[in-house]
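Colleague: Chain residues, written in single-letter form:
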Amino acid sequence: QQQVKQSPQSLIVQKGGISIINCAYENTAFDYFPWYQQFPGKGPALLIAIRPDVSEKKEGRFTISFNKSAKQFSLHIMDSQPGDSATYFCAASAINMDSNYQLIWGAGTKLIIKP
Amino acid sequence: ETGVTQSPTHLIKTRGQQVTLRCSSQSGHNTVSWYQQALGQGPQFIFQYYREEENGRGNFPPRFSGLQFPNYSSELNVNALELDDSALYLCASSAGWASGTSEGYEQYFGPGTRLTVT
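The listed protein sequences correspond, in order, to chains A and B.
Following this note's numbering, the numbering of the first sequence begins with 1 at its first residue and continues without gaps.
Following this note's numbering, the numbering of the second sequence begins with 1 at its first residue and continues without gaps.
Everything labelled a hint here was simulated from the structure, so no lab data went into it.
Mixed in with the good hints, there may be bad ones.
What the hints assert, rightly or not - Part of the chain A face toward chain B, derived, beta carbon under 10 angstroms:
#1 Gln6
#2 Ser7
#3 Tyr36
#4 Gln38
#5 Leu46
#6 Ser85
#7 Leu103
#8 Gly106
#9 Lys110
#10 Ile112
Idealized CB from N, CA, C, for every residue including glycine.
Starting from the given sequences, assemble the full structure and let the hints guide the process.
Modeller: This is the structure:
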């Protein structure tokens with residue numbers, strides 16, 4: 001019930017296209033859903049995050065869509081660029097889990113943007 | 001505003017040895033979380049410190065221990081190193097949920113320490 005399932009494992013998108021990565025969760029106590037971008041040899045960088053009281057959040061070319069009833073959320077990267085090539089992780093957290101808010105991570109999606 | 005820093009960048013140790021990794025949190029953050037990331041996998045939560053107290057622990061044995069100092073910097077100590085401990089160790093700082101804002105949830109990561117155990 002603590003898992004976050006992420007798909008696809010890898011994704012190849014043409015430059016200018018839309019990249020879509022999906023995540024699903026079981027624990028209805030989760031109340032914070034961030035996406036992280038990680039380049040090889042670097043730490044994850046927070047891209048965008050959403051709380052369950054909204055269905056969509058947009059920041060620049062990055063959009064999170066959130067479906068509370070389906071327990072799913074997704075990351076959309078519009079106008080994908082070669083510089084977006086990285087590994088993307090979804091995660092989830094719940095403040096009530098042992099009074100801390102550890103992040104539970106998906107397995108990651110390796111995104112390659114072809115020029 | 002200074003970001004999260006970690007030291008050392010890389011470390012090679014022998015099985016059975018002990019190691020200490022260090023993390024300086026972002027200015028204004030009082031909560032530090034440590035994660036282990038094996039190659040090709042997502043990070044796994046080790047533990048979290050809030051105002052110098054351990055505030056939650058993942059599924060890691062007691063030979064993984066930590067400290068947080070009054071300036072909110074932190075150390076991760078691993079005793080009796082095993083080959084499977086080879087990984088990228090990540091430190092993340094946050095303002096803490098007690099900040100009362102959604103931003104308190106946001107965890108900002110350092111570049112990590114690559115530990116190799118031979």
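Colleague: If a hint holds in the structure, say so; if it does not, say that too.
Modeller: Consistency of the hints with the structure:
{"no.": "1", "hint": "Gln6", "result": "holds (8 angstroms)"}
{"no.": "2", "hint": "Ser7", "result": "violated (13 angstroms)"}
{"no.": "3", "hint": "Tyr36", "result": "holds (8 angstroms)"}
{"no.": "4", "hint": "Gln38", "result": "holds (9 angstroms)"}
{"no.": "5", "hint": "Leu46", "result": "holds (6 angstroms)"}
{"no.": "6", "hint": "Ser85", "result": "violated (16 angstroms)"}
{"no.": "7", "hint": "Leu103", "result": "holds (6 angstroms)"}
{"no.": "8", "hint": "Gly106", "result": "holds (6 angstroms)"}
{"no.": "9", "hint": "Lys110", "result": "holds (9 angstroms)"}
{"no.": "10", "hint": "Ile112", "result": "violated (15 angstroms)"}
In this structure, the hints that do not hold are numbers 2, 6, 10, in rising order.
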